[in-house]
Structure formats: C-alpha cells, structure tokens
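Each protein sequence line maps, in turn, to chains A and H.
Oh and the first sequence: position 160 is 160 in this note's numbering, straight run, nothing missing.
Oh and the second sequence: position 365 is 365 in this note's numbering, straight run, nothing missing.
There could be a bad hint or two in this list.
[As the list claims (entries may be wrong)] Stretches of chain H that chain A covers, calculated by requiring three or more beta carbons in the stretch to come under 8 Å of a beta carbon on chain A:
id, segment
1, 173-183
2, 191-201
3, 204-217
4, 241-251
5, 388-401
[Claimed, not checked] If you anchor each label on the Cβ, the simulated ranges turn out as follows:
id, chain 1, residue 1, chain 2, residue 2, range
6, H, 61, A, 58, 29 to 39 Å
7, H, 62, A, 58, 32 to 42 Å
8, A, 141, H, 381, 28 to 38 Å
9, A, 388, H, 137, 26 to 36 Å
10, A, 327, H, 88, 34 to 44 Å
11, A, 156, H, 304, 53 to 63 Å
12, A, 44, H, 45, 52 to 62 Å
13, H, 45, A, 218, 32 to 42 Å
The set of hints was computed from the structure by calculation and includes no laboratory data.
Virtual Cβ for every residue (Gly too), placed ideally from N, Cα, C.
There are 2 protein chains.
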Amino acid sequence: MRPYRQLARGGLSGRHVASSQNSLANRLSRQFYSVKPVSSTTSNLPDLSPLKLAITKTTTPKKPIPPQELVFGKSFTDHMLSVEWTASDGWFAPRILPYQNLSLDPATCVFHYAFECFEGMKAYKDANGVIRLFRPDKNMERLNKSSARIALPTFDGKALIQLIGELVKLDSRFIPTDRGYSLYLRPTMIGTQGTLGVGPPGSALLFVIASPVGPYYPTGFKAISLEATDYAVRAWPGGVGDKKLGANYAPCIVPQLQAASRGFQQNLWLFGEEEYVTEVGTMNLFMAMVNKHTGQKELVTAPLDGTILEGVTRDSVLALARERLTPEGWTISERKVRMGEVVEASTEGRLLEVFGSGTAAVVSPVRKISYKGQLLDCGLKGNEEAGKIAKRMKDWIEGIQYGAEKHKWRYAFPLSFYRLLYIIQ
Amino acid sequence: MRPYRQLARGGLSGRHVASSQNSLANRLSRQFYSVKPVSSTTSNLPDLSPLKLAITKTTTPKKPIPPQELVFGKSFTDHMLSVEWTASDGWFAPRILPYQNLSLDPATCVFHYAFECFEGMKAYKDANGVIRLFRPDKNMERLNKSSARIALPTFDGKALIQLIGELVKLDSRFIPTDRGYSLYLRPTMIGTQGTLGVGPPGSALLFVIASPVGPYYPTGFKAISLEATDYAVRAWPGGVGDKKLGANYAPCIVPQLQAASRGFQQNLWLFGEEEYVTEVGTMNLFMAMVNKHTGQKELVTAPLDGTILEGVTRDSVLALARERLTPEGWTISERKVRMGEVVEASTEGRLLEVFGSGTAAVVSPVRKISYKGQLLDCGLKGNEEAGKIAKRMKDWIEGIQYGAEKHKWRYAFPLSFYRLLYIIQ
C-alpha cells in the first residue's frame, strides 16, 4: 500500500492558530456557543462516490475458518475497503484491496492524539442466501457524528453503505449460514496527517474490515455478573462519551480488569454523587422492575444525556418494547436511575431482570451486581440464564436481522450499483 | 520494518473475561477500589535494556532543514528508536533504525481503542556542544503513569533515558546550536494487538522520534488571547485528564477551532458550575494577581486534582517561584480559582499577568480572555507582549536548559553506556 498523503496543513495547526481577522466587536456579539461539528460535506469537494470504486482482488485467497472455531474480531476476510481524504481534495476514489497492513509515518496523528472513530455492525445471511444489514443508516449517522466531533471529515452515509455492500458481496463466502453467525463489519476512520502540531488533521483514511463471527452465546445465554464502578468515570456532560471514539475505550480497560480480578465479567459505570446507572462495560443497560409508586412493570434505560453511547441496539430494544410490551401493560422509560433505586428494587424483590444491549450479543443478561460490599440479585432464578424480556428481545431482533420477519430495519443490498468504472483483477 | 507480533491473548479480552475463580466471599471482602495500574515491571519478564540495543544506520542521510525554516513537529531526524513488547515475553531488544513508516494490521487496537500515550521533551545543545535534557526523569515517570492507566506496559525510565541518549547522539547534527533551538523528542507507546476484542493489549510498541524545532517566539514573545470554553469539558474527576493519553487530545480540536474562528488563539477550559479555571489549550495556566484579602502578590495555578495535566514546566515554574519569588514577597499557590475571581481581579486592576506553561513555549503570555461577552484584560500594557514573571521564568528555565546555570534539573548524558552489543551498519 502506498504511504498515505501527508498534507502539511497551514492555518490552524499548532502555534499558527491565530489567523482570524474578526473584530473585537464581532467576537463579543456571539456567546454561549456549543460544539458545532466541522464538516467537509458543507464544502464543494468530492464526497464518497461508489461509482469511482476500484477493486483489486486478492491473489492469495484465505481458507475460511470453521465456524465453530471463530473468535470475535480475530480473523478477517480476503479484502478491505479503503478511502483516503484530504482537506484540499476531499474524498478520493474508494478502493477494495486485499486485506493488508497500513503503512503510516510514526508521526501520524492517529498514534499521538487519538484521531479515530469507528462503528460496529453486522452482515447476516438468511436461509435463502440473501445478505442483509440491520439499520445501517443508524451506524452511518453515528459515524458522521463521531468523526465531526474530532474534526475528521463527514461523508455520504448511503454511499458508504453501498461500498460496504460491494465488500460484503465480494467476501460473502466468509459469512457462515447458520443462525447466530454473521460477518462483523468495522468501519473505521483515522487521521493520517504526519505532523505533531495539535490541530485538525489535513488527511484521513476511512477503511472497513470484516470478521466472520459466531454466536455470542454458542451454547445458549450465559448471564454475567457486574461490579459497580464508582472510583473511575467513563463519561461526563460536555465530554465525548456519547460518540464512538477510540478515546472512550482504552481508559475503560483497567476498571474492567479490576472487576475481572474480583470475579466479575464487566463493570457497571455509575455517574456523579447520585450514582446514576449509565452503561455496562461497552453496552447500554436495561432494567425491568416493578415501579415502587405505580406498581406497574417498567423497562427502563438511561436517557441520551451525552454520557452514554447512543446504541443502535438500545434504540431497537426501546422501539420494540414500545410497540410490543406497552400493550402488555409495561411502561417504557428513558430516565435516570440512581444505584440506590436499583438496590431498593432488588431488596424488595421488585427487580425482574437486567440486561446489557449491544451489537455483539444483542442482549446480555445480568445475574448479580456487586455494589459497596453488597451482592445484588437481579431477578434471575438459580438455573435461569436469561429473563423473559431479554429472551424475547433477542428473538425479535434476530428475527429481523436474519430476515425471518419483514421489517423496515432489515436491509438487503439492491442490485443496481454493480456498475463499476474500474475493475482491476 | 517487519510486521509487529500480533499476540492473540486469551484470558481477559472480549467475552472471555469471566475466568477468575474468586469466591463470592472474597469478592465481598474488598470494596472502595481505586484505579490501580496494571504493570509489567512487577513481572519477571525482561525490562528495557540499553545493553541489548542494536543500531542500523540510515544509508540515505537527510539534509537538515535550515533552522529558520523549521516548523514544529514537521521534519524528523534520520533515525528512530523502536522497542517491541509482548505480554508473554516482556520487552524485546531495543533498536535504533532509519526513520520509517510503521506497518500495522488495520485491526490493530491503537486504531480502534486509542491505546496510545506519549511525552514531549527536548534535547538542547549548549555553547560548548554538550547535549542536555531537562528533567527527563519527570517525563519517564509520567509516561509510565500514562501507559499503566490504559493497560500498556511500564518500563525502566532510566533505561529509556539512556536509549534516547543514543538516538540523540546519533542524530546530533540535526540539533541547531542557537539559543531557542532544540530537538523535540516524542516518546510514544501504542498497543499493537491486531484483534478487535476490547481488552488489554497483548503487544505494544514504544518508539521515539525526534524533530528539530526553532524558538516558539522567533521574534520575541507574542501574547495570545483566549476564549473561555464552558460548553465543552476536557476532563473530569475520576477520568484520565491528568495523563498524557492520545484520548485527551482529539476531542479538544473542535473547541479550539471554534475559538480560532472568533479570533482567539486558544481556548481556556473551565470546569463545573463554579467555572474553575483549569488549563489553556494544551498548556497549564498561571495567574499573577494581587490577593483581594491579603493585598499580597500571588502566583496561582490549578491544583493537581486529576483534571489537569501534571506539566513538567508547571512543576518547574512552581519550584522556581517558591525559591526565587517568595523572598520578594510573593505567595505561590496551587488552588482552585473560579472564573468569577479572575473577572473581579481584572475589573479591579488586580490581575498582573497571565501565562500558559508547557514544553513547547516554556511560557506563553496571555493578553485577553473572552468570557460571556466580556473581554478581560490580563494586565499587559498595550505595547507589552509579556509580563515580568513570564519573562523571568523563561530566562530562568532556558538558562538551565541550555546549560548556562548549573542546576540539578539539567541533564547531560554520561559516556558510560557506549557499550553496545550489536552495531549493524
């Protein structure tokens, strides 16, 4: 792979930030600002274009790993999608290339200042061999929000879905056909400017790699136990915890390891003096409980206040719950829940079930939560590995993902964009 | 460069976290945890060893750029230091290699989860050609704290200083001799495991690159103006804002660009409802003011409460101020300062001067601060570009850095470690 273009961008990097000619009066007339993204799509530079796609096929095809031996995110398909961007020229022609190493200058900003964001999504093969995605528009929307928040370029989400389609079709032999199996897709954007001044990257690379994955629970659900973390904070108001940035992940590992050292599979992130329940590990969290005041069954999750990731599975669970559980008498709530409220519900037998939600597992049932020396029961019986809501949610969502249920969220690639300007074989 | 070893580490990555055999009783006997680093130096695996250094000299030496044309962090010397680590084998033999691209699998964890931390330090050449560092022990201590916080390996700081010495001596022709010029050194550690499971990296790379740099203010001090940022938050108690992680940098660019778009060179990070003054851009902040209650002159900076970077220059300014300004009647304080206190001091003419502190500029004087529609005067006269304290601090610190003043902080490389086991030329 050729070295990425290293754009030495003037203007706004390092000590050269002072270029604006605004008058003092102009400065003073504006205040109470918010974080407005810096977007490339407002410019007239070229956007992502599937019509410009060039494909170079591998000459050394891999032998797919037997499905039962797959480990999450460890083996990859034959090809990858790669698109370069520069501030002066916009998006370059997309390329599908043999899966290969990236060659980057050691001064590249992704190594120093974490200019990086990503998505996690899956391609599913149904019983008829049709390949489907699940709500890919949500992933595109979020990746654009993430990239804009760290001064990386934005792009046409529909175009990237088309390009991902070409990659998936080319490597479709890697997607196992059995229920629960899928092709995990990892769209990633990194800053590639090779200078150490702290400023907006003048160049970037968008790439997509694909990893065949097995069911998260090969032998059925397996409930996990959590340790509530009050000594470290994942996210905060005004921060970036709602974006899918690399920056949100590395700092979470030590608390996760410490929970593991005490026998807990994940940690539960609490926030603030009120100890609001926010997320579990890298998943959103749902709690089903009997409301103390109304006596009604309530499915509750933390609201999108900037401190939790805006999960696609979270959104799907909420929508399905509103559609299918509300008629059964459930209240569906996005509201802040104090850890104290969870303790009380557990103690009083009102905590029905707790589960995490995310792309990898769909839902992940929780058995116990360790909190300040207490071990809270989350409502599962001794021999139960999942509660009723978790089971039904998994069935509903997988039914859509694998195509059994006709639903607006299931997405099959249209045939109309096989038009390629260049095919290099 | 050969591809880095990709260690598929079992145990604690992704869904395989649940391996501990701790009993429930054991889990419950411990509580109120803190973030304890995960350190490789507690193991019996090999640490960094300068004795194992192998040097491969470039066959295509670069022509140094004329000093007056240098741009910060844009051009680099002929060589780089590179040391690999794996969880199973510890630190490998250090290598000095021709400066070259890194070749990394696109699944490498540094691209996805921001497993990256770094240092900024400088090598100075004095009038007699002696090459010196400035308090390198502080940089090593901080890099170890940073790496441990994100589950990257720790290392013997003295050994890395020796290895940096070999790199600096080999590339010493790139260090300009004039006062104000230096060789900026960028020790960097990245996680190199090539799997997508979110867990501690099973392999890492420590590298050091070197960039000749000119004086931050080639034509003398140039005061900057700041915009106070209350809509975005850089760091939070319990977060990682006190560590030099890549994760702390990318999210700061958009607020910096927005300040620049309104004519301000940097933004000033406020924290919390009290609007505590924390940092400016990527520097610590000092304020000299007449204390309202005591009438005494006070030099004040934010305390190390976990929300500000533990700057080496900050520490140096504080120590010199305590030694040299206290006898002149100054009070030197590390305490929280509300933005309201700064407004009041400015309005009442008690704000004497404000400056940032950091490795790049040593000190960076501030003329104005924009805050909620007000433009605060920071004490400089119309034709003044720096206050008295800023000027004296710069003179004092540069006097030590360039060797004019004998001081425990100036560091010259001893000659005793020229013993190299392998020299490959």
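Hints versus structure:
1. With 0 residues bearing a CB less than 8 Å from a CB of chain A, the segment 173-183 of chain H misses the requirement of three and the coverage assertion fails.
2. Here the segment 191-201 of chain H counts 7 residues with a CB under 8 Å from a CB of chain A, which clears the bar of 3, and the coverage holds.
3. Note: the segment 204-217 of chain H has 4 residues with beta-carbon separation from chain A under 8 Å; the three-residue rule is met and the coverage holds.
4. Coverage of the segment 241-251 of chain H by chain A holds [criterion: at least 3 residues with CB-CB distance below 8 Å; count 7].
5. Coverage of the segment 388-401 of chain H by chain A is violated [criterion: at least 3 residues with CB-CB distance below 8 Å; count 0].
6. Against the hinted window of 29 to 39 Å, the Cβ-Cβ separation of residue 61 (chain H) and residue 58 (chain A) comes to about 38 Å, which satisfies the hint.
7. The hinted range of 32 to 42 Å is satisfied by residue 62 (chain H) and residue 58 (chain A), whose Cβ atoms lie roughly 36 Å apart.
8. A C-beta distance of roughly 52 Å is found between residue 141 (chain A) and residue 381 (chain H), which places it outside the suggested range of 28 to 38 Å.
9. Remark: the range hint 26 to 36 Å for residue 388 (chain A) to residue 137 (chain H) is contradicted by a beta-carbon distance near 59 Å.
10. Hint check: residue 327 (chain A) to residue 88 (chain H), Cβ distance near 55 Å, so the stated range 34 to 44 Å is violated.
11. Between residue 156 (chain A) and residue 304 (chain H) the CB atoms are about 46 Å apart, so this pair departs from the stated range of 53 to 63 Å.
12. Checked against the given bound of 52 to 62 Å, the beta carbons of residue 44 (chain A) and residue 45 (chain H), roughly 55 Å apart, stay inside it.
13. Under the hint 32 to 42 Å, the C-beta atoms of residue 45 (chain H) and residue 218 (chain A), about 33 Å apart, fit the expected range.
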